[in-house]
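Line order of the protein sequences matches chains A and B. Position one of the first sequence corresponds to residue 1 (my numbering), numbered consecutively onward. Position one of the second sequence corresponds to residue 1001 (my numbering), numbered consecutively onward.
Quick caveat, the hints were computed from the structure, so don't treat them as lab data. Just so it is clear, the structure is predicted and the values come from calculations on it, not from any experiment. Note that the Cβ used here is the ideal one computed from N, Cα and C, for glycine as well. One or more of the hints may lead you astray.
[Stated by the list, open to error] Sample of chain B residues lacking proximity to chain A, with all beta carbon distances greater than 10 angstroms (derived):
(1) Q1033
(2) R1047
(3) S1054
(4) E1055
(5) R1140
(6) A1168
(7) G1181
(8) R1224
(9) L1248
(10) E1278
[As the list claims (entries may be wrong)] Going by beta-carbon spacing under 8 angstroms, a handful of chain A positions derived as facing chain B:
(11) T7
(12) A61
(13) H62
(14) Q66
(15) S68
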Amino acid sequence: MRRVWATVVSVWAVVAIVAVLAWTKAQAPAPLSGATPTVLVVKGKNGKQQRLVVVQGTAGAHATTQTSPAPPA
Amino acid sequence: MIGRLIERPFRAMGTSCSVAVTVRAAGGSRADQALAAGRAEVDACERALSRFDSESDLSRLNAASGSWVKVDARLVDVLAAALRAREETGGRFDPTILPALVAAGYDRTFDELDERPARPATGWRAAAEVEIDAERGRARVEQGAAVDLGGIGKGWSAGRALFAMYWAWPGLPGALVDLGGDVALAGATPDGGPWRVAVADPRAPGETLATLTFDAGGVATSGRDRRRFGPNRSLHHLIDPATGEPALAGPLAVTVVAPDPADAEAHATALAVSGLAEARRHLERFPHLGALYVPADGEPVAIGALPLREEAAA
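Let the sequences and hints guide you as you build the complete structure.
Right under this line is the structure:
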């Protein structure tokens, strides 16, 4: 009887591990694609983001566009 | 990851600038050459196009209004681009607004401006005649008229500097030129993804409103959120060609994306003195342009060549 219970517990342990691994895998971010065209996310006045297309990633920008500022002193 | 980005910041054209190149991990020996070529081209453009340098080609052209003046090929080219943009925008962008801009008080570099009030631009009219003789490398502006390239010069120069960098190093993996927020870019990024350009939030200094990603082209922003002057900083540098005075209508700022950086800046300048409905009508005619229009009062709007984004927002 003890052997039966040990088998049941082992099976459930394996199932639990597989489930955790599957769940973790599902949370992983999708890889970036260089082929995706222009992406845009706009932030509303209240600070809430207005999602106009899906953003690829949150890595830093290479440049910033703005009304030309005066140069720093 | 295919390499790293080498950036060289510098000051030119009255603002903060930089040139940058993508260098593969194993290479990089020609990066300095390309960066130097980009910087040199920006300096050459400033010498030809600045209205604050009395010896520039543009200043000589304006000083001799009514007469043909032999000028640098850069000025001939940018004048041609400016005249084309004036036609495309129905005069909302006009390179001959200089007398009105000076009357408004923007008659010296921004650092030197004071609190003098604006005065009427008497005798000024929009769409003054500008003639180009590319074959002989000369130009002529109508008697009494004067040209300002502030609404196209940096974008045009950014594209030109990018070209100079590729000319110096034909195998250049990727490059970016940023002239005070007017950006030209091409080729590969260090991480192999698209170029990412943040749009500064004109309503919240220091914050980012949006992130644009694309493979090549230009992006420019025009607005009344900066470069204010006069009594209580009540004036701004965006002249409405229809009135000859600082524009009353128009957004707080507008960002335009275009294949050609000069087009991006010229059309941004035109949209900066246009209401939202007018901006929408304008961009319907130019499917290769996209814009992010930030009204003075209201939510930002993506218009033009960004239809999928609006669908996604619904």
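- Query: Which numbered hints does this structure break?
  - Reply: 7, 8 and 11
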